[in-house]
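*Asks:* Next come the chains, spelled out residue by residue.
Number of protein chains: 4
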Amino acid sequence: MALRTVAEYVESLRDDREVWFRGERVPDVTSHPVIGKAVRHASIDFQMAEDETYRELAVVTENEKEYSRYYKIPQNAEDLLLRSRLIEAATAEGDTLVVLIKEIGTDALFALLAVTAGMNDPVYHQRVRAYYAYCRDNDLSLATAQTDVKGDRVKRPSEQADPDLYLRVVERRSDGIVVRGAKIHTSVAPNANDIIVLPTRAMGAQEADWSVAFAVPANTPGVKLLASPFGDGKSRPGEQPISARHKMMETMTVFDDVFVPNERIFLDGDTALAGALALTFVEYHRFTAVSYKLPLVDAIVGAAVTIADYNGIMKASHVREKLIKLIAYAETLRALTQTAAKRCVAKANGQVAPDPMTVNLAKSHFAHGYHEAVQHLQELAGGILVTGPGDEDWTTEETRRYLQKYLVGRQGVSAEQRMAMMNFIRDLTASEYGAYQEVLAIHAEGSLEAEKLQIIRSYQANGSAERVVALARKMATRQSTFTAA
Amino acid sequence: MALRTVAEYVESLRDDREVWFRGERVPDVTSHPVIGKAVRHASIDFQMAEDETYRELAVVTENEKEYSRYYKIPQNAEDLLLRSRLIEAATAEGDTLVVLIKEIGTDALFALLAVTAGMNDPVYHQRVRAYYAYCRDNDLSLATAQTDVKGDRVKRPSEQADPDLYLRVVERRSDGIVVRGAKIHTSVAPNANDIIVLPTRAMGAQEADWSVAFAVPANTPGVKLLASPFGDGKSRPGEQPISARHKMMETMTVFDDVFVPNERIFLDGDTALAGALALTFVEYHRFTAVSYKLPLVDAIVGAAVTIADYNGIMKASHVREKLIKLIAYAETLRALTQTAAKRCVAKANGQVAPDPMTVNLAKSHFAHGYHEAVQHLQELAGGILVTGPGDEDWTTEETRRYLQKYLVGRQGVSAEQRMAMMNFIRDLTASEYGAYQEVLAIHAEGSLEAEKLQIIRSYQANGSAERVVALARKMATRQSTFTAA
Amino acid sequence: MALRTVAEYVESLRDDREVWFRGERVPDVTSHPVIGKAVRHASIDFQMAEDETYRELAVVTENEKEYSRYYKIPQNAEDLLLRSRLIEAATAEGDTLVVLIKEIGTDALFALLAVTAGMNDPVYHQRVRAYYAYCRDNDLSLATAQTDVKGDRVKRPSEQADPDLYLRVVERRSDGIVVRGAKIHTSVAPNANDIIVLPTRAMGAQEADWSVAFAVPANTPGVKLLASPFGDGKSRPGEQPISARHKMMETMTVFDDVFVPNERIFLDGDTALAGALALTFVEYHRFTAVSYKLPLVDAIVGAAVTIADYNGIMKASHVREKLIKLIAYAETLRALTQTAAKRCVAKANGQVAPDPMTVNLAKSHFAHGYHEAVQHLQELAGGILVTGPGDEDWTTEETRRYLQKYLVGRQGVSAEQRMAMMNFIRDLTASEYGAYQEVLAIHAEGSLEAEKLQIIRSYQANGSAERVVALARKMATRQSTFTAA
Amino acid sequence: MALRTVAEYVESLRDDREVWFRGERVPDVTSHPVIGKAVRHASIDFQMAEDETYRELAVVTENEKEYSRYYKIPQNAEDLLLRSRLIEAATAEGDTLVVLIKEIGTDALFALLAVTAGMNDPVYHQRVRAYYAYCRDNDLSLATAQTDVKGDRVKRPSEQADPDLYLRVVERRSDGIVVRGAKIHTSVAPNANDIIVLPTRAMGAQEADWSVAFAVPANTPGVKLLASPFGDGKSRPGEQPISARHKMMETMTVFDDVFVPNERIFLDGDTALAGALALTFVEYHRFTAVSYKLPLVDAIVGAAVTIADYNGIMKASHVREKLIKLIAYAETLRALTQTAAKRCVAKANGQVAPDPMTVNLAKSHFAHGYHEAVQHLQELAGGILVTGPGDEDWTTEETRRYLQKYLVGRQGVSAEQRMAMMNFIRDLTASEYGAYQEVLAIHAEGSLEAEKLQIIRSYQANGSAERVVALARKMATRQSTFTAA
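Protein chains in written order, with our numbering: chain A, -2 to 482; chain B, -2 to 482; chain C, -2 to 482; chain D, -2 to 482.
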């Protein structure tokens, strides 16, 4: 097989998967008013592979076989940089919304490949390799389900009132296992072919049943995709230039005693590796994250510069101050993202991974500053973000003439131009889509606290902590009289 | 006349006013699916006057006549504190959305009373007094239109390409004036009885035509209310516990050659007083603002504490850290708001106004910190804010059982409890309503920059600047050898 | 007895106390080159009582007896406000350095009075009352030793490798106790008459020996004052306009088996009250702290305004921005300090104390922002803070003529004027004195973390936490469909 | 000629240069108690070239000739990275104080080489090349005098009350020029061989006399070095582990009608290039700056980790939080510094320069965060930073025994160890040396505002601004209905 067309991708989703939306079973996700939008958004990835502009970036040729670059196992910094650039380009085509239909799944595959390569029993690594080849050769779209519903957040899986609050193995058979539980925040699941399941945290010795990783097709019996309706409001192309065309679905993914055949079980009972797998995935995935945030922060800077110009305030000193803050925010993210690739570290399986410390610095920088960036952009735009007219006001003569007369910007900027940028800024920052981006900034790919923790851990692990302590001690004691005493 | 009932208020809005919504003329605002919600929200004010709990706070008895406390001209700190407390209570009844139907109009009246009291020609002050008495005695609901559409923001009214970009007098007759222009961000206009119009900035000597203030009924010919559809999506009571019940309308308020009779003209051509009027209104109105922000910040703190508890993370140190930041944010606002009242300054007409420096400190503190407060709350809540289920998922058996099983919190917290609080937090911070609050935080009652400017100006005006400079010079020069040289 | 003169105060310090400075026993603190400066600084308090300008503020007349206002037990908000104003005035006379010679001791006395009033055994309260009257009537200067040396900071007193790392009772006799240990950061001890000793933290049931409070004269046998030489460099009146005249001593105060007679033991073995006493002292003392920080922050604002003017940059927008930040910093502190007094809470013994939540808000606001305030001031001043000339360069003709020609400011500002202000700013922020203020901002009167902890604790204790949770729950559940299910 | 020895360097400074210190002419800088320390500190550079550990890094061999790497004209990213690494290593040997004796001069030479290469008249470039070769081949130490004394900061050179407030040409002769004026903040001038003089800003067409650049030996008649006494206090090796050994001199460098021969005039009257030269120097020099800040920020992190450990508080969550902030601060600086080198841009003369946007991001990141980093470190250390003992207290038996007993840290950490680190932290952050670093953070190599301005300018210049505006416009208008209308 080879790269799939958009039509093939769409068709592949008509497989009787069990998707629920607002209390109703969805008969066909591709024609659903909300999920269908997500399908079309996800198609960007397949389109780019066919598009001359992107083909070289989007497609890899190896041994005369072509496959999507997302599946390229990174073997050096250059591979990571190209992957990053592809993710950035696809997200720009998604008008700031990441496509993710291959990004997150390959992050999971890279983690599985690296972690299983180190296991004593080679069977798991062989299964992963086979599954990786299957996905790549069939140009599969993939979701990754990691976050458990968790119940009491301070308790371990085995301590929860209900053991199912973390997904677990409830039965082991000769031909496979039966799993039960629910994962939340599973992005793109309703329009992915397969779902890869990973543990969400490190496990204790007594938590073998929760130490499980596997993959299943989305239409596997017992897999129930409870789609979130968030952001399902009626969208108008003028008022919502982004979200009228782009959507990502999120599900609570219920595994109601789902059977997983042996060849798709990638971890089962190895409590020591559960945490390593969770973490390795996250390190790859945070690099994906900082890559797909670049068009978002660039769009914020670009919109800020444009609307400041349209409003005629470019020369005000406080405006320049805010633009500089936004530029520094965006460009520090870009510099750290590139540095994370360039400082890549070797993993098992001949792979590299982005430098953990740098990627967490990048992600943490992005996540901590996002709400402030939104604040600056909203400030530069003006209150009309939430008091402006609707699309129909532009098509009714009695109202349009007032809009055209009164909503102009500085000389040379028509009301239409200015309000188009205003609508963009509103959709980007002051809408359900904007709220989605705000919450994702904090919670997607791990929390702020998790990222901070990884910064200090990787600083210790890479020898930096030891180095600076030695430096400080040397400086402190060179001339100290009393220490010689 | 006396205090009006809700029914009287609602009935008074059926006056054939020209309101446009999504390109269509609205025949009756009270029964409109969106504006009707705003009417019901505004009714809170009339309800409270009838409610035993609030009656003492909401109603003033003077010379055996009862009237709404909003109309009480503040004569001391206590009056300001009671006004603040009433605004806070009404907003709490509005579930964090200010009612504003009398707040903003009385802020305008207090400014008009104080500023006209200082004019040489007593006629304007007499007109304002008469109009004030009329509004108070008829328990009127009032909008205030101040912000002009402005065109090029760095140019003065008289420098704009189109002179109408700031509202102005286009004709002067013996019985009144004709005005033209458009005001934006006019809150509550579609459901207010009258609209008070104020200049938005200081004027130059050549800008007599733009130096105009007046009041007209909302149904005056030529007054066109172009209502913003922002936040008009279908609302579900579970998913949107706030915005399904509460709404404030914003309009672009067009004055298409509107005639204003002499008795309603409060300023005309007095360029020196235009700025004073704009500023005095803003100082009163910022005190209203910080008062109505209190239930909003309290709700944020309360929701943060509750959801942290539900999630089982109350004892995590980073959680405590964020709660402390939120508490400090809310309580510093409260302390500054109270201090602004207690330090009130005397104005003409026997009135007092909140201390300008302190009220701007309060507003600026609130405005600069709001997005960060939202960030903290969203972080404590979790990503499920934007990936959670919809109302219908709770009424369908096939989905509800999974929600009930899997969305529980710490032991003792059911999925229903936890998700109700989650929905509240989403509506408060991650929705169109949330976006409205974010943008209002920055832009309502003047921009961040305007507030900062007033801090330094009032610090200079109240003698503080002089005091600290003298202090520093005294300390610096006491012992300086060379200055004696 | 009555108020003491400066001469009487100075004479009273010649009592053969055991003070060590740079490894040498100090024969007479009043004539010591460094400690003598601290004695003269402390004399400000006695001078003010004799000075017509301050007499009314500094002296209280009760039953025809005069005594220092510092000793006035606060019985209402007004008492606290006057105490605050006196502390502010004295610190302004100290050119930003607090006098403290009565402030900290009376904070300790107020805490002792309030806490012992609640004890079952009335003897302790009687002792405190007697001691309080003795101090007041003899116009005593007092140090307060609270912070133990602590060893391993995460271990309790009883868990330390050496039990003496927290001061403790090592022997109990019929006529008194013998104590051993060392307190650090004991301000003004070398020039105080008595030293009051308080526990530094809450104690466990097994920590009776560490639950001790008492007072002793500074010359009690076994009391060894190891004075810190920090800031003892040669000072020139031009280069160091503050620190050439003002100094506060800090000691490690060693109790090498010191006998304390019964009438000076205020707590012994009551483990439950040790924490209450520590905390009550701190709440009084933090109010003292925010009061004495006011001249410091005012001096920063005043110096910033002056030097910006001298440098000719007053109109630069970034300069205005920084001035506004400094003003907001200073004035928010002032507003919170006043509010803490106005919201005072009742304690035992008929006293009031500043509102704990507000005083901790105030202190935390000050402490967190101090380094940033220094940064802004240093930025406005310029690099010449640390590259400028010395006093002698102004008295040598060959160099002075260049200084006079080249170090001028904007037109009208001579080099002498500008450099006098520059010297003041350097002494305030870029010197050992400046460093002292920086470190004190963070560590004096409790750490940043301790203050934050008290904010949340007092927010819970005063009912606010309960109130906002109830508010959020009410708002969240009013319309929730599924919770009714 | 070749690399010089320390002795040769020291000897070369005995040239009768006119240096003034505290009003007295200094007969020999090498034996002066304060300046001599600076001479020894500067010798680090010469020592490293002889030291086996550093030789490869410190010395370049080209055409069989050896010279100091500082003089290596950067031709690619690798050259910049090695230069950065050398500066970092030298500053680490300087215990956080930059050596600068060749760093700043070569920054000036690189700027002169690049800017003069673009001039029509080739004579200037030839002069610079000759002077560069002379400096390199004689292993010269160099100061660079750029900042003028400036008078009224908002006025241009030609607008000042005294035209000498910016250095200018007062006479032009056939064999050279005569210059007059004063530069401030001239680092290392008293112990440099030559002084390179550059303009401090862009000049207007009428400012030909101020558009001048040249070099002169430090002992040229009329050159008067007024050395700042800042930080000249008595230093003890225990209390001041850094500043007892390391010192950098700063001078006001007066040019009292100094003659400059033609071959050392590098710019004269070319008003268009004055600004380019000032800016190019600054871009090179800011890269030097961020390189030499690395040991400083590393020492802060290292000291923070060490003292937190010694105090026994490593596991406290707020401690971890602060350590993470410090790590992120340091490592973001390192990543940006490296990225600035890797993204180097081509200049005339076959050189490269660090990427201006990135180097300004790096410098601005460092400068804005320094005071906060100091705050965190001081907080982790404790108040004993400014209340601790002096060196003599450790050598006197009566005091030492108490220090040893009571100043211990967690188990296993002696008082000596803990106080050695405490002394280091005090010298680093709470001393005149610490103040010097604070002020340098803000003012050295250009102000915070200058760096911010360069961020936005270079963002515009490198095409980023155009790119993001195009991106935002494309996203905004793709689907906008009304713009098509």
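Derived by calculation from the structure, the hints in this document are not laboratory data. Some clues are possibly wrong.
If several chains are the same, the list does not tell them apart, and a pair holds so long as it fits within one copy or across any two.
[To be verified] List of simulated lysine-lysine pairs, DSS-like, C-alpha gap at most 27 Å: (1) Lys152 x Lys339; (2) Lys69 x Lys322; (3) Lys322 x Lys312; (4) Lys62 x Lys312; (5) Lys312 x Lys339; (6) Lys339 x Lys69; (7) Lys344 x Lys62.
*Asks:* Compare the structure with each hint and give your call.
*Replies:* Hints, one by one, checked against the model:
In this assembly of identical chains, the alpha carbons of Lys152 and Lys339 never lie at most 27 Å apart, being 38 Å within a copy and 44 Å across copies at closest. For the identical chains of this complex, Lys69 and Lys322 are neighbours neither inside a copy (36 Å) nor across copies (35 Å), given an alpha-carbon limit of 27 Å. Taking the shortest Cα distances, Lys322 and Lys312 sit within 27 Å of each other both inside one copy (16 Å) and across copies (22 Å). Taking CA atoms no more than 27 Å apart as the test, Lys62 paired with Lys312 passes in neither setting, with 55 Å inside one copy and 53 Å between copies.
In this assembly of identical chains, the alpha carbons of Lys312 and Lys339 never lie at most 27 Å apart, being 38 Å within a copy and 33 Å across copies at closest. For a Cα distance limit of 27 Å, the shortest separation of Lys339 from Lys69 qualifies both inside one copy, at 17 Å, and across copies, at 26 Å. In this assembly of identical chains, Lys344 and Lys62 lie within 27 Å of each other by CA distance solely inside one copy; the values are 25 Å within and 44 Å between copies.
Checked against the numbered hints given earlier, this structure breaks hints 1, 2, 4, 5; the rest are met.
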